Amino acid sequence: MKFSKSVIGGVTLASASALVLVGCSSTGSDDEATNSAAPAGDAIIKTNGSEPENPLIPTMTNETGGGKILDAIFAGLVYYDATGAPHNEVAESIETEDSQTFTVKLKDGWTFTDGTPVQAHNFVDAWNYGANLDNAHANSYFFEPIEGFSWDEGVEEMSGLTVVDDLTFTITLKQPQSDFPLSLGYSAFYPLPDSAFEDMEAFGKAPVGNGPYTLASADDWKHDVQIDLAVNDSYVGERVPQNDGLSIVFYATPDAAYADLLANNVDVIDTIPDSAFETFEADLGDRAVNQPAAIFQSFTIPQDLEHFSGEEGALRRAAISMSIDRQLITDTIFQGTRTPASDFTSPVIDGWSDSIPGSEVLDYNPEKAVELWAEADAISEWDGTFQIGYNADGGHAGWVDPVTDQIKNTLGIDALGNPFATFGDFREQVSNRTIGTAFRTGWQADYPSLFNFLGPIYGTGAGSNDGDYSSTEFDDLLKAGSAEADTAKANEIFQQAQEILFTDLPAIPLWYSNVTGGYAETVDNVQFDWHSVPLFYEITKN
Amino acid sequence: MLMYVVRRLLQAVPVVIGTTFLIYFMVFSMPGDPILAMFGDKTPSPALYDQLAAQYHLDQPFLVQYGLYMKDLFTGNLGTTFSGESVGAVLSRTFPVTLKLASMAIAIEFCVAVVLGLFAGLRKGKFFDNLTLVIGLIMLSVPIFVLCFLAQYFIAIKWGWASPTVGADTSFSNMLLPAIVLAASLFTTSMRLMRGTVIDTRSRDFVRTAYAKGLPGRRVIPVHVLRNSLIPVVTNSAANFGVLMVGATVTEGIFNVPGVGNTLYQAIIRGEGPTVVSFVTVMVLAYVAINILVDLLYAVLDPRIRYA
Chain B
1 MKFSKSVIGG VTLASASALV LVGCSSTGSD DEATNSAAPA GDAIIKTNGS EPENPLIPTM
61 TNETGGGKIL DAIFAGLVYY DATGAPHNEV AESIETEDSQ TFTVKLKDGW TFTDGTPVQA
121 HNFVDAWNYG ANLDNAHANS YFFEPIEGFS WDEGVEEMSG LTVVDDLTFT ITLKQPQSDF
181 PLSLGYSAFY PLPDSAFEDM EAFGKAPVGN GPYTLASADD WKHDVQIDLA VNDSYVGERV
241 PQNDGLSIVF YATPDAAYAD LLANNVDVID TIPDSAFETF EADLGDRAVN QPAAIFQSFT
301 IPQDLEHFSG EEGALRRAAI SMSIDRQLIT DTIFQGTRTP ASDFTSPVID GWSDSIPGSE
361 VLDYNPEKAV ELWAEADAIS EWDGTFQIGY NADGGHAGWV DPVTDQIKNT LGIDALGNPF
421 ATFGDFREQV SNRTIGTAFR TGWQADYPSL FNFLGPIYGT GAGSNDGDYS STEFDDLLKA
481 GSAEADTAKA NEIFQQAQEI LFTDLPAIPL WYSNVTGGYA ETVDNVQFDW HSVPLFYEIT
541 KN
Chain X
1001 MLMYVVRRLL QAVPVVIGTT FLIYFMVFSM PGDPILAMFG DKTPSPALYD QLAAQYHLDQ
1061 PFLVQYGLYM KDLFTGNLGT TFSGESVGAV LSRTFPVTLK LASMAIAIEF CVAVVLGLFA
1121 GLRKGKFFDN LTLVIGLIML SVPIFVLCFL AQYFIAIKWG WASPTVGADT SFSNMLLPAI
1181 VLAASLFTTS MRLMRGTVID TRSRDFVRTA YAKGLPGRRV IPVHVLRNSL IPVVTNSAAN
1241 FGVLMVGATV TEGIFNVPGV GNTLYQAIIR GEGPTVVSFV TVMVLAYVAI NILVDLLYAV
1301 LDPRIRYA
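Chains B and X, in that order, give the protein sequences.
Using this note's numbering, the final residue of the first sequence is 542, and nothing's skipped along the way.
Using this note's numbering, the final residue of the second sequence is 1308, and nothing's skipped along the way.
None of these hints come from the bench; they were simulated from the model.
With a Cα cut of at most 25 Å, we get these calculated DSS-like pairs of lysine-lysine: (1) B:K174 - X:K1042; (2) B:K174 - B:K489; (3) B:K174 - B:K479; (4) B:K489 - B:K479; (5) B:K222 - B:K541; (6) X:K1158 - B:K541; (7) X:K1042 - B:K479; (8) B:K205 - B:K222; (9) B:K105 - B:K174.
Remember, predicted model here, so these are calculated numbers, not experimental data.
With these hints in hand, go ahead and build the complete structure from the sequences.
Below you can see the structure in the form of structure tokens.
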């Protein structure tokens, strides 16, 4: 009896260890498979990322996790260097006389990794597919300026795109837009090989591109874990990889990525966790990166909010702006990882200026603030509480509370944060216009242009104009700037447009987010580009 | 025995249906619009919004969405994530990882608890007994994320004995650190149970009889005391195993383990109804299965328990 019992006991233990063994063997075989598919050479750059939230199709990807991968495996008409200046990549030339019709000539000799040539129709077909409402691609709004684009019905082929010959096509816009060629480096404008259209779903799992890197096999994308990109030997552009490949590891939290960086387990990361803001520059020394990025943070006061329209509103908006000590908050709360705003765009964008007339309203000036508030009170007595809505899942309470405290202390009014549990909940209230308070807003540029910070947010009826701001004077200047072919002159006009924003203050500018990152002792030549991503192709391993 | 297993399995059916309904309802009534969240601070055009809502059935009322989901579930289709991967594939990728981590953690927890508990029980009231009590209480009361960060910082970063994160390499050695941390946070209860039962068992008649008939301590302790003290510890460790299978979200997040907890957390953040419900359904099944197994283990360890 005793004997048999211990045997059974042994069986239970054995089955428990069998569970362990099963776990081992199944992952063990995975590892073998990936090792064989790994790129040759051992100078593989490891960096942080996140699992793409969409299939890897350029026109569907509107978040950074997938965007980082697409930028590595595709090449568009132009690419941006570290300063955001565009350089022709697949394009030989992009010419226009009226900023409305553009003739694009392609370089000869480009191929996709499946061997097919990159031709004019590869661009036109990809854009038409992405723009078609029936396909519901998230980036379709990029094609909105093109003639024939429609939000009302599915359009198979936009009338504004014409293939002239294998290496030439023309783009006709609905109206002149001088910065349109600047936007062509964004991932939505990448070409697609013919094979993509045979089975788009399969393509999204194993994309075939023409960029400096390539996804050699669908197995190299280990979902939720990492993606391994090999160097594309058939790439003929200027972004020539100085390493043997790229391994983008998907981290659940920035803290995990930072821990790996400290242990030299990952080569370069582009996000420093909040918890390390105080220490990362000491930890990493000159390997720490902390520079302004193309991200603008503000809070928007809806135009129809009580006490905030008309002359009274203008006074109150200016008073609130002047009662915030931005420098103090960026220094103490953000440990210098934000830069106080001096306009509505970003310092990394060509044409940015910190001395636009009217920008004094962003300086901390409590006496003037109290004075303006009293003037507004003379028009109509203030009542109630000033609130700033935000999503509680994004770490915003840390700055909303001090900002509202400063407003409260300077103006002597009640001011509070108005948290929403999730980002989705918050955006729903904002886009349904049911939020009923001021709310936090932010903008990350899609392409390095002043217009991209102004038109989509403050233009009358624009897609992200969540405060319903409308000014004909401002709209006219935007239009004039867009029609101006000379970039310097156009930027001057856009700065004039910002003067109007400084008077009306549809949103109160707060600060520019910095890109915070760092790299390990294992790599050199790390440079972060204008939209906060390291230029991976330049990185060398030592 | 067989009848008992069948009855227990049948009981699981309403449990599974009930949980899927509840979870689906909770995900559905979560505040926030997943489609708007997909676009960040930018607002999608209304036409595009409607297209996407129709694609994920988000424009349908709750009961219709639930019905569509259950219909798919019974035809073996667990739905797709927003990135176009089938939820079945995500499950079969993440569960083995969590299973492995949980098995490792429980194996460590069980061994540590049995050994420490046994010696503490044999030296009741002595220094070793008190020492294990203090260490155990500290491990039990320190929140798991503190243990995780301390282990990660000192063992992995400062001393370089292990990799700070797991990532793609889910080998035994790479997962050892998170497994040890999980075990450290769990072993106290099992250890104290072990100690208590050892003390209790030692005073039993059959132990006295064994000594009386001249058996040496090295035979009485392992054969009579240890074996008969294992039952509550096995139950407790098995229950812990069930909890770990449901995913140690915090630990998996900090050590970047590509397991169930981590993936489920991301799905909840994105508001991916089908992914969340499918994960929870499989978790419920796993939990029910482990509990049946535990009940059967009783019969193995204690012959007085019989299932008709």
